[in-house]
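Residues per chain are reported as follows:
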Amino acid sequence: MHHSVELYDVYVKFGDLLVLDGVTVEAKPDEFVSLVGANGSGKTTLLKVANGMIRPFRGIVKVLGHELSQKANGNSLRKEVGFVPQRSISNRFPIRVDEAVLMGRYGKIGLMRAPGQEDRDKAHEALEIVGMTKLAQKLVHELSGGEQQKVALARALAQEPSVLLLDEPTTYLDSDSQSEIMETIYTIHCKRGLTTLLVTHDPYWVEQYSSKVYLLKDGKSHLIRHKE
Amino acid sequence: MSWFETLTFPFMQHALIAVFFAGIAFPLVGVFIVSLNLVPLRFAMMHVALLGGAVGLFLNVDPMFMGLLLCAFTAVALGPLSERTKIGLGTVSGYFMTLTLALSFIIFYKGNIHVIQAFSILWGNIFALTVWDLTIVILVSLSILGLIFFFFKEIQAILYDRELALAVGIPEKKLYYVIVFMLGLTIAVSMRMIGALLVDAFVLLPAMAANLVSRSLKQSFVLSSLFGLISGMSGLYASFVFDLPASSCIILVAACIIAICMIKRTLLARVAALLIVTCALLMAGTVSAAEPVAVASTSLTGAIAKAAGAREVRILTPAGIAHPPEYELKPSDLPKLEGAQVVLYAGYERMVSKLVETGRNKQILVVQLNTETSPENLISQVRKVAAALKTEVQAAAWEKEFQGKLAALRASLAPLSAKRAAVHWHAQPFARWAGLSVVQVVRPGELTPKVIADAIAQKPDVVVDILHSPVAKTIADNAQCKYGQVINFPGAGNTVTLDDLFEYNTKELLKAFR
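So the protein sequences, as listed, match chains G and F.
FYI, the numbering for the first sequence is 1 to 228, going by this note's numbering.
FYI, the numbering for the second sequence is 229 to 742, going by this note's numbering.
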């Protein structure tokens with residue numbers, strides 16, 4: 001079976017700082033891959049490389065068998081990759097929760113087309129999955145950090161991606177919500193046959209769900225666990 | 229003349245159409261600025277426009293056109309440049325701001341350009357819009373509306389979070405560059421309308437007010453347009469009724485709207501109604517029309533008209549303005565043109581020629597005068613005006629009297645004959661007539677060390693500066709010599725006529741030596 005996400009010998013530099021120093025990571029469909037490592041080890045950078053938001057100066061990045069370095073592939077491949085960032089939104093931009101989730105559909109809808117009923121249904125379904133339907137009409141900036149994280153996850157799910165990139169998706173959640181969200185993510189992962197890359201510091205989730213674990217250290221990747 | 233009567237003037241119609249389109253569309257760009265925090269870009273554009281003005285004056289091309297052209301180029305370059313250098317739009321804007329300012333001053337200096345003339349590009353004038361300007365305003369406005377209509381969801385995603393927009397597969401970079409380009413263009417066009425110094429308030433304030441009361445981007449866009457339209461239209465009207473500069477009135481109304489939005493959001497509907505009612509009430513106000521006579525752009529062209537024998541002279545520039553050519557015409561000046569037979573201007577004023585071009589009264593005779601203040605030139609200009617007014621007899625009588633006065637004044641200046649003088653560029657005609665030996669001419673604008681050193685080396689007995697834009701006091705201080713200021717435009721010391729002008733300048737020069 002071919003891989004859904006492939007990074008081969010990838011190098012990324014920010015100024016003089018070498019953040020990724022020949023990293024290689026592979027993830028097949030259905031695989032739940034965890035990326036662990038200390039702060040600043042390049043985990044978030046790796047996720048951003050995987051959906052083309054950061055371009056490496058050397059190495060090969062393939063998503064769903066297509067090279068991301070080819071310009072034409074960038075936006076069309078990103079539509080297949082759901083991304084949940086770690087940070088919450090701090091600006092006071094006036095946008096409701098349901099609108100923010102619907103945004104996950106924008107790439108697939110295409111330019112100059114308005115979202116249809118099907119898109120709204122999928123956004124609503126995603127909101128239901130993360131248990132946020134009651135807050136659908138609230139403004140995003142009025143929500144807590146945890147609730148905003150659920151909105152980000154719902155947006156990624158509404159996108160109906162083949163690949164899900166999660167950057168510490170439970171950071172701002174209480175412990176009950178953490179379990180709830182992680183179980184939801186894993187259920188969707190299994191049900192939709194996704195390729196999931198999870199950045200986390202929590203050894204429990206690593207142990208519980210991961211079929212593959214990479215440790216990032218000094219800019220290099222080490223495969224420390226692989227369950228077939 | 230009533231408000232409705234003024235609407236028959238093409239330039240008032242242009243202003244209204246421009247305010248209508250720009251009032252609706254430009255605050256939409258303000259929403260971009262507020263959401264993407266692009267305020268520094270506006271400062272950069274202002275200075276780029278100044279450089280364009282300087283280049284235009286240097287190359288003898290329309291400075292406003294050059295300003296727009298440079299702004300458009302900068303708007304295209306800014307987005308990609310900030311992305312590639314990874315130093316942020318704010319920093320790149322700062323770089324452009326300082327670089328263009330330095331280049332502008334070099335061009336002012338080397339091109340012998342009057343700084344005030346170049347800076348006039350920053351002031352704008354909504355009543356000086358030509359058909360071409362209006363076309364640009366409409367095109368830019370429609371482009372903004374089109375951009376938002378066709379790419380609303382993409383813009384929404386980019387304004388919310390650029391990184392997320394990219395992550396969901398939107399061509400974020402290209403659209404962001406388009407947004408930055410539209411923003412630059414809007415700022416450049418707004419400068420033409422109300423001037424760079426007030427442009428951000430015109431574009432930003434309605435968006436800021438809308439942002440305070442909106443619960444969605446759609447609401448933000450709709451309300452900012454509504455606020456822009458209200459502030460533009462009522463500002464224009466208030467300018468007419470209260471005899472105030474239009475741009476300031478537009479800003480004041482916009483500032484009131486934002487203040488009200490900040491105080492209590494639920495009052496919004498009532499405030500809009502209140503503004504409309506206020507405008508309707510004020511519409512009853514009228515100003516009386518004056519009798520038909522000659523119109524002069526400044527006190528100097530006015531003095532020439534008076535000397536030529538004009539029965540009544542209406543001067544557009546009010547008394548007390550330090551540098552009369554800078555005066556911005558207001559709607560309340562319009563009645564002065566009603567029924568006028570002749571308009572006198574020098575050519576360096578910002579408004580007169582355009583006003584006459586757009587005036588409905590095609591019977592107005594427009595006469596351009598050379599306003600160099602040497603007696604020979606002034607007499608020749610008086611004859612020119614007299615020929616236009618058919619008042620040659622009165623002009624001849626004035627000329628005789630004037631020559632006599634000049635002879636007496638010249639005699640009183642005899643003790644200063646051949647005194648060494650460093651003279652402001654615009655004070656040369658008087659200094660030479662006064663018999664001073666002009667050893668150094670000081671150009672308008674910022675003094676350089678070389679100019680100061682050269683002037684000191686000439687060991688002048690006196691520095692003759694110009695009251696309207698003095699620059700040479702430093703030379704007098706360093707050369708430890710006498711210092712005096714003369715005038716080219718009557719006004720100071722209750723001067724009105726050309727005779728007064730020479731009498732005042734003679735007294736000032738003698739006073740400097742006392």
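Treat the hints as calculated values from the structure; they're not laboratory data.
Treat each hint with caution, since some may be false.
Once the Cα atoms are required to be at most 25 Å apart in a straight line, the calculated DMTMM-like pairs of lysine to aspartate or glutamate come out as [what the hints assert, rightly or not]:
#1 F/K739 - F/E600
#2 G/K62 - F/E391
#3 G/K122 - F/E600
#4 F/K401 - G/E67
#5 F/K618 - F/E600
#6 F/K314 - G/D21
#7 F/K314 - G/E160
#8 F/K401 - G/E160
#9 G/K13 - F/E391
#10 G/K13 - G/D30
#11 F/K678 - F/D689
#12 F/K402 - G/E80
#13 F/K446 - G/D21
#14 F/K628 - F/E600
The structure presented is a predicted model; accordingly, all values stated were derived computationally and were not measured.
Hint-by-hint comparison with the structure:
1. The straight-line distance between the Cα atoms of F/K739 and F/E600 is roughly 24 Å, inside the 25 Å bound, and the hint therefore holds.
2. Annotation: proposed proximity of G/K62 to F/E391 holds, straight-line Cα distance about 20 Å (limit 25 Å).
3. Restraint check for G/K122 and F/E600: not satisfied, since their Cα atoms lie roughly 77 Å apart, outside the 25 Å limit.
4. About 20 Å separates the Cα atoms of F/K401 and G/E67, which keeps this hinted pair within 25 Å; it holds.
5. For the hint pairing F/K618 with F/E600, the CA-to-CA distance comes to about 23 Å; that is within 25 Å, so the pair holds.
6. A hinted pair counts as satisfied when its Cα atoms are at most 25 Å apart, and F/K314 with G/D21 qualifies at roughly 21 Å.
7. Under the criterion of a C-alpha separation no larger than 25 Å, the hint pairing F/K314 with G/E160 is inconsistent with the structure, at around 32 Å.
8. Straight-line distance between C-alpha atoms of F/K401 and G/E160 comes to about 23 Å, which keeps the hinted pair within the 25 Å bound.
9. A C-alpha spacing of about 19 Å is found between G/K13 and F/E391, which places the hinted pair at or below 25 Å, so the restraint holds.
10. Simply put, G/K13 and G/D30 have alpha-carbon atoms about 31 Å apart, too far for the 25 Å limit, and the pair is violated.
11. Taken as a hint, the F/K678 and F/D689 pair is honoured in the structure, with Cα atoms around 19 Å apart against an allowance of 25 Å.
12. Taking the CA atoms of F/K402 and G/E80, the gap is near 20 Å; set against the 25 Å cutoff, the hint holds.
13. Using a Cα cut-off of 25 Å, the hinted pair F/K446 and G/D21 is violated, with the two alpha carbons roughly 45 Å apart.
14. Of the pairs offered as hints, the one joining F/K628 and F/E600 holds, with about 20 Å between alpha carbons and a cut-off of 25 Å not exceeded.
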